[in-house]
Each structure stands twice: as structure tokens, then as C-alpha cells.
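Peer 1: Line by line, the protein sequences give chains Y and E. Under this note's numbering, the very last position in the first sequence is 1223; numbers go up by exactly one each time. Under this note's numbering, the very last position in the second sequence is 1223; numbers go up by exactly one each time.
Don't take every hint at face value.
Pairs count within a copy or across copies, as identical chains cannot be separated in the list.
What the hints assert, rightly or not - Lysine to aspartate or glutamate pairs mimicking DMTMM-like chemistry, simulated, CA-CA at most 20 Å apart:
#1 K906 / D881
#2 K1139 / D788
#3 K906 / E1209
#4 K1139 / E1032
Please keep in mind that the hints were generated in silico from the structure rather than gathered at the bench. These numbers were taken from a predicted model, which means no experiment stands behind them.
Number of protein chains: 2
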Amino acid sequence: MATDLEIARAATLLPIGAIAERAGIPEAALIPFGRHKAKLDFSLLRTQADKPRGKLVLVTGISPTAAGEGKTTTTIGLGDALNALGTRTMICLREPSLGPCFGVKGGATGGGRAQVAPMEDINLHFTGDFHAITAANNLLSAMIDNHLYWGNALGIDPRRVTWRRAMDMNDRNLRNMVLGLGGASQGVPREDGFDITVASEVMAIFCLARDLADLQARLGRIIIGQTRDGTSITARDIKADGAMAALLRDALQPNLVQTLEGSPALVHGGPFANIAHGCNSVMATTLGLSLADVVVTEAGFGADLGAEKFLDIKCPSAGLSPDLAVVVATVRALKMHGGVAKSALGPEDVAAVERGVVNLVRHVENMRKFGLPVVVALNKFTTDTDAEIAAVRHAMARIGAEAFLCTHWGEGAAGAAELGRAVQALLAEGHAKYRSLYEPALPLAEKLRTIAREIYHAAEVQIPPAVAARLKRFEEMGFGHVPVCVAKTQYSFSADATRMGAPEGHVLPVREVRLSAGAGFVVAVCGDIMTMPGLPRHPAAEGIGLDADGRIDGLF
Amino acid sequence: MATDLEIARAATLLPIGAIAERAGIPEAALIPFGRHKAKLDFSLLRTQADKPRGKLVLVTGISPTAAGEGKTTTTIGLGDALNALGTRTMICLREPSLGPCFGVKGGATGGGRAQVAPMEDINLHFTGDFHAITAANNLLSAMIDNHLYWGNALGIDPRRVTWRRAMDMNDRNLRNMVLGLGGASQGVPREDGFDITVASEVMAIFCLARDLADLQARLGRIIIGQTRDGTSITARDIKADGAMAALLRDALQPNLVQTLEGSPALVHGGPFANIAHGCNSVMATTLGLSLADVVVTEAGFGADLGAEKFLDIKCPSAGLSPDLAVVVATVRALKMHGGVAKSALGPEDVAAVERGVVNLVRHVENMRKFGLPVVVALNKFTTDTDAEIAAVRHAMARIGAEAFLCTHWGEGAAGAAELGRAVQALLAEGHAKYRSLYEPALPLAEKLRTIAREIYHAAEVQIPPAVAARLKRFEEMGFGHVPVCVAKTQYSFSADATRMGAPEGHVLPVREVRLSAGAGFVVAVCGDIMTMPGLPRHPAAEGIGLDADGRIDGLF
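Make a model of the complete structure from these sequences and hints.
Peer 2: Here you go:
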């Protein structure tokens, strides 16, 4: 079987100018990066600002499993299908993170016939956005430590600096360190660590910024730590916000690429879906809506994390009103939710599907709580049996939902045509009545309880007194109106990764809360959240290299 | 007076395609990065490989002072002048480092009317080359620590890992650290530190690589540390060379930009001129020579460091044969070499010029030892008096050299026309008989003594027994044939930064020697060499930001 890289290479890509033309983007707004990538000039965002907006379709998924669900391929396949069906559609995706390309996960440009291209470029440096974000993050760090070094006029407590450095690399050895060693001329010793770039607040800010001015204002609001008496110090206090914005200026312009079938795609920004909100940039989504009749976009992890944050953080912040949710599932993954081990997924097991489908059912019902019509995309594997598929369809019928078999991985647009027609029909009906789950005025702890109750079906939220006091403090500081971003495992509705399916009555333990004042949300950390991944025993990097023609090989 | 940024912005740049056409580069070989930057495809390097080569002019300078000399502006001004005089000329420069843009030094795109543009882009992320180099450097680090973490099958001694991490930032707090803290699942605790990206061996390799295969081979030869029994471990042992080459693949293609007067310029690579060889990439210089009748290129710091390395490291490694050296000086800098403080440079002081000109004289005579004709470019300041200029000319006449007054900073090409005509005449005469200073077969310690004697006029090289033993060990390992790269202060011919002018009979103390096996040279560290700069009390970053139109402001 051909690898994704082989399929991508075999495809003939159109010049990016031709893709732009299809998308209604004038030549003058293109900032080309090679022949198949371009940034879209700020001027385009200005001229498009008053255009009528298209419909917004969110692709989300069941709680992820080791079996894989195919959310990105479905986003691409659905976009291709809609374009093939005559609906002018823009696909909006997150940019892949560089680090995981060298580890276990690999790239994130879809797969099979449902890919955005050029895959090597997008997976590695692309147009440099993540490098710019890394640089902005680390310039702030350098300026903080430089401030300490030159006398600490602001009185920052070096033990209370919460701003960490960032690198787009899976590198566990950078998690915890003591730096500034070597004597008085070499810095100020203190504890620090690196997060992977997608976990940086700069990434979240980048993806929520509505324009350059908003970007700089948000950067300025970043809280980097406290003085001994508890006063918060911001990036603006450090005078870093201007230079950070300068580093991010060009990057903030959305990136245009194409799918293997020639659909235009905006691939821009990519925050974590645990400690951040997990969706591509507001700049890209907004621009896409002004250009196309339909935007198909994706949120990270399962619908309890990515979609909830899309709907409670990104949409309210950006003034977006989504029209439809597509929940992606596979028979294999549902069998895992039904208790089957990955190694035993081969044989038919209808009972396991029936046990595991509760995960899908709950995600569908959750999406309806936001006022959205929902369809299910069932990514077909060759091992799926008719009886297993029927079990999923039956479960969906019971809740008045419909599941559509998708084969875009192998067949491209044609494989998602049925799903595409269903999406067209639902959008034409226009029954969406989007609302976020809670009002801004609700106290932070209540927001958290609302998410836990409505989305996770938790019986209780455990908020230790110190955490409650911090939430209170955030409210006193004027951040009571912001949404809450829950960082918990993506593998379960609960905070326990092993509880698959649709657990009920569990307890959500809140370990700590952090204020992302620039991004504009409070992070509630529930469980062990990894903000700097490690590499496996045999990293993918060992197999990556150049072939005899100097082309990059081994990416997946 | 207009700032460099204002002058650069006021200029009307040509589309990069028009610049390429001027340079004889076919449209198909252009990989555009926006409208005014492009990378040049590997295919062009292949088709140009057999073309006759143009003449190679090296621009170097006196020992730098706080007064500034203007080596980059002279390289650009001379290139513009030659093009204006009808000689098809390509300018080859190093890429600026990002870190110093936020500190004291600022950018490095020339100044006044002698600039390469777009200056904001080139000074910040440009085409992402340095980010790629940083990523490749740090992927190797991550894979080393990951190898230690998963059982250390190669038996690396964690205390003997010499490979450091890199960041393109002035950040002193990263110089020395203990990382891998936090317990068994968080890594392997050990000492480490970050160098600025231009000091990474990956940067030196990038700039010496002749093609992709050579790049990967050199990366594989990097020695990352030793086992307990002293066996060297390479990047190839870690299986990192392929993925590092993949990260660097696109970056290795030279970058084309333009001067404000429309000359083509290849701006590519930029290693430090102390612990590395301080010149732009071999890929760019070689390509330039195949495209143009003359290439004007620049080496870092004074001629004792940059030019010596250009002539003893880069040229032999790349099979280049330079035809002429231009030594840049200013009356002001010569007065400083004559003992005048920077604050007292205003009034005429012919005697100081006469005292300080010895620095220029020696650099000129040194360049002749390489078999090169030499001209002097005297960058004119408004405060220079006729008598002071006459003193320089007189000193030059005594050694049979000629100094040409240059005003390209204020007047562009016209200001370097006289210098340009002299360069044309000398190139037409064709008297260059380039030879490097020493033969590859000379023992490493003798190479070092040769440089110290011939170039620095040192009486003695102090090589402690431990250092001598290491040099011996390098020879036993098969690295006796490589050149020696001296890392010493750029401010003096000696290792003492305060000894300006032309000191004689001094001692060169070698503190340590390092093998850059991938780059292919031995570094002799003579004195305190900073590989990670810090920020000043008031970093330039504080003044950098976006103006009301969203343009970047405050770069210089």
C-alpha cells in the first residue's frame, strides 16, 4: 500500500495562484512561499471584512483511541466532497507541530487521498509560523531574565516567574531545569522549563487574535509571574509586547494550501487542545467565512475537549456562529470503547460496538446542547462488517441522528459524497441555534461545574480550597468573565484515561488553575497534563532522511 | 537624518523575478518567499555547476573598533558600483542573526544607501534558514538525551556530552544549566547550555556543505561526546543525521534578494567568525561565481579572523580561488587604534591616524601573504579632514597600496565608483596567486603557530600540555589534515582586546581546543569566547514594535 508521502508526491499540485483564484482571492493578496504555499496579505483581510459570511461546519470526534478516528482526513474529505458537489468550500485546519513528526505521532496533514499538500513542507517548517511563535515566547523569557539580571526594578520574585520557555521539539529533558548557573555574570539562577511550542500561551493568543492590534494587546496582557507581594507582572511591564508582535507580524497572515483534490485550505495556528483551545486561528476561520459559502474546520481531541473549547472559547471570542457539527467515529475505535484491545480488533464483535457506541452517542448529544444539528461520519475500514456498521446506525437512529459511511481516505471526494450531501441539506435547512454552554457572567467555578456536568457527566468537581481561592483571586483581578479551558485526558470523558465509553458519576479533580490572561481564559488542570512530550525508544526521526534525489523521506 | 529602516522603506524594490532575470537566473529556478525574496532551487545549482566561474573579491576589514568600519556597506556599495560600471556582479553576504537585533548590535543588512532589502524580513525570520538550523541542532540534543533516557546502549558518558543546545536569541540565562530534573520519568539530569544559533556547529556545516549529500555526511560526523573510555560518539551513531538533513534541506538553497540599487545579492548562512569560519555559505558563493563575472563577498570581524578563515578554511574546502582583497577602514577607527577614545574622535588628529594606521598596514600585508592583490576602501565620515585622509594615503603608498575614499553610505553606487574602477583594473590585470597559509599536512599545533606568527605577529603560542595532548589525539583520530579555526578577541591582533594598533611579540595563550569534526576544523579557543550573548540593560527590543499601519518599527 502506498504511504501518505508517496500518495502526496504522486499528486500533481496546482500552482498556488490557481488555488487562490478558485477561492476568490486576488493575485495581489498572495504572498507566495514557493509554488504551492502562500500567505494571504493583511490587505485581503481588510477588504473581506464586510463580506457576507458563509456557513461554519465543525468536525469533531469521539474520545480518541489508539485505533485512530480520522478527524483531519474527514475534514479534508468533506471539504473536497462539498467542492465537488458545487458548494464553494474552504477547509480550515491547524498547522502540525514539528516535534511530534520526530516521535510517535508523525505529521498532521491528513492521509490517503484526503491530504493537504505539500505534506513535507506543512509538517516541517511550513511558512515559519511556529518558529515565529517560539521566538516570541523565548524573547519574553530572555527579557524577563535580563530584567532580573540588571537589578529587577519591577521587583519580580524569581521563584514566582510562571512564564516558561518553548521549543517545537519532543524533548523531555527540557521539562525541568535550573538555569542561570555559572556565577554573577552568567544570569540569575532559578527553576524553569520548556513547553512544546503548541502549549505556549503565545500560540493560544496567536490563534485567538482578531488582528495585529488585538494580537499586541493580548501579548501585553500575558502574566509572566508575580512580585513577592503577589502583584502580577505582565509582558507589557517587561516592554516585550511590541517586539513579540513584530516577530509575529508576518506569521499572523493565514496560510493557503490545497488538498490533493485541489480544494483551497487555510492551515494556520495550532494550539494544544488541553491547556489551550485546540483550533486553528480566528484569522483563518474568519477569512475563510468571508471567501467561501461553507467553511469546514476541525477541533482537537474528542468533542468533550476540542469542540467544547471551539464552542465556548473560540466562537464567543471571535463572534463566530457555527451551523453544524460532524462527529467522526470508526467501528474499530468504538469497539475499543466497548472494551476490546487494539490487538483484538480484527474479528467481528457487534456486542463490543454496541457497548462502545455510548461514547459516540454522548458526544452527539453534547453537541446538540450547543444548539447544533449533528451528523456522524463513520470512517470505514476494510475490516468493518455490515453488522457492526448497522449497530452504529441503529444506535444513531435511536437518538435521531444519522451516520454516513466515509471512504475518502481511499477514494477522495467521492468517498465523502454522501456525507457531503447530508451536510448540504442540513445547512440548507438552517436549524442551527448556536449558543455557548454558559454565560460570561457565571463565576469561574460554576463554569467549570457546568462543563463537568453537561459535557463530562461528572457527579462532582473537586476544587481544593487553594484552587478555589485562586479562582476567586482571578475574579478580583477582573478575569471573572473569561471562559474556562479544561486540561484533562483526551481518552475519557472523565479525568481517568482508562475509563472509556461513557462514564457517569465520576469526580473531576482540579489540581490547579492558571490564568492565561493574554489568551483570555482560565486553565483548569485536571490530572497529569504533559506540556512537553518525550521521544519514544525508537523515534521516527531515525527513519527520516533524504533519498538519492535529495527528497525528504520517512515522514508519515 | 533618515534611519536605515526609513531609507529602506522609501526605496522601490523590484519584483524578485526581475532581479533574478538581471542575474541570469531562469524563472523556473525561483522559489519565491513573498515578492522580494526567493530561494534558488537545487536544479539551478546543478545546471550551473559546469559554467565558467567569475572572479572572487573578498571584502575584509581592520580590527573592529567601537567607531564602526562599514564592511557590509562596502561590500554592497562595491557590488552596486561594479554593476553600475557594467560588470555583472553578485553580492554574497551572511544572514543576520536574530538575537542581536533585540540587543545592542541591531541588524546586519548594511546601511544608508548601501543596504540589502527588505531589511525587516532579512533581519528577522528571513526565509527561515536559522530556524531550521536551530531545529536541527536541537533535534540532535533531544535524540542524545532520549538515547540516555532509554538505556544508553551506546554507553555515552552523560558528563562528557559536548553537544549543546542552540537558540537564536541573546539570552545569558541559557548559558549554563542543569536539565533533566524532576525524577526518573523526566529525563536524565546533566549539565548543558545553549549557544546562539550562529555558534552551532550545524551553522558551520551548513555554510561549508557543497551539496545535500555533503551536508548529511558532515552532520553524521559531528562528535557529540564520549563514552567513559574516551570513544567518540557521532550524530550518525545517534541516527540523527538523516532527520537533521531533512530539516535543513530547503534551507540549503541560497536566498536571493536585492540591494536598494537593484543589484542581486545572495544572503545565505552566517556562522560566528570566532569559533567558526565567519563567511556566507559555500553554496551561495559557488552559485554566485557561476552566474556573475564578479562575486563580492564579506568575511566577519577583522582580516586576522574572518579573512584568514575565509582563505584557510572556506576556500580550500570549497575549491575557491579568490582574486582580490578589499580592506575596509575609517579614519575614525584608525584614530581609535592610535589611542583616541570614542568620545574624542571629533577634532582633527593626524598624529593619531599615523599611529593607528599600523593596524591597516598589517592587515594589508597579511592579505598579500595569501597571494592576493589588495586595495583599501576608506569609508568617509563628514568629520574626516583632508590631512587625516592624506595620512592614510601616505601610509598606503609606502607599502605600495592604494586607498579609495568611499561615500556609498550616503551616495550609493556613485560613492564607490572610484573603488569599483580600481577593482575592475586589478581584476583585469589578474595578478592573484592565491595560496592558503599552510599545507593540510602540517601538524595542528604548527598550523596554529603559523597563523599566530604570520598573521598575529605573536612571539609565542602557549599550548598547555593537556591541550597539546588533545591536538595529538585529534591527529590520531584522523583529523590532522583539517585547518585550525582560532577563536580569539576580534579587537586586537593579540588575545588581549585592549592591545589595539599592531602589537608585536605577544603571547597567544590557547585555553582549549575543540574538534568540529562535521565542519572539518579544529577550534583553538584563545581567551574568553562568548557563544551566547546577553541583552543590555535597555535592550533594543523595548523599542521594537508595530506602527499604526502594522509595519515593524524600531529595527536598526
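Peer 1: Confirm or reject each hint.
Peer 2: Hint by hint, here is what the structure shows:
For a Cα distance limit of 20 Å, the shortest separation of K906 from D881 inside one copy, 16 Å, qualifies, whereas the shortest one across copies, 44 Å, does not. Taking identical chains as interchangeable, the C-alpha atoms of K1139 and D788 are never at most 20 Å apart, the minima being 45 Å within one chain and 44 Å between chains. For the identical chains of this complex, K906 and E1209 are inter-copy neighbours only, at 5 Å across copies versus 42 Å inside a copy, given an alpha-carbon limit of 20 Å. In this homomeric assembly, K1139 and E1032 never come within 20 Å of each other (Cα to Cα): the closest approach is 32 Å inside a single copy and 74 Å across copies.
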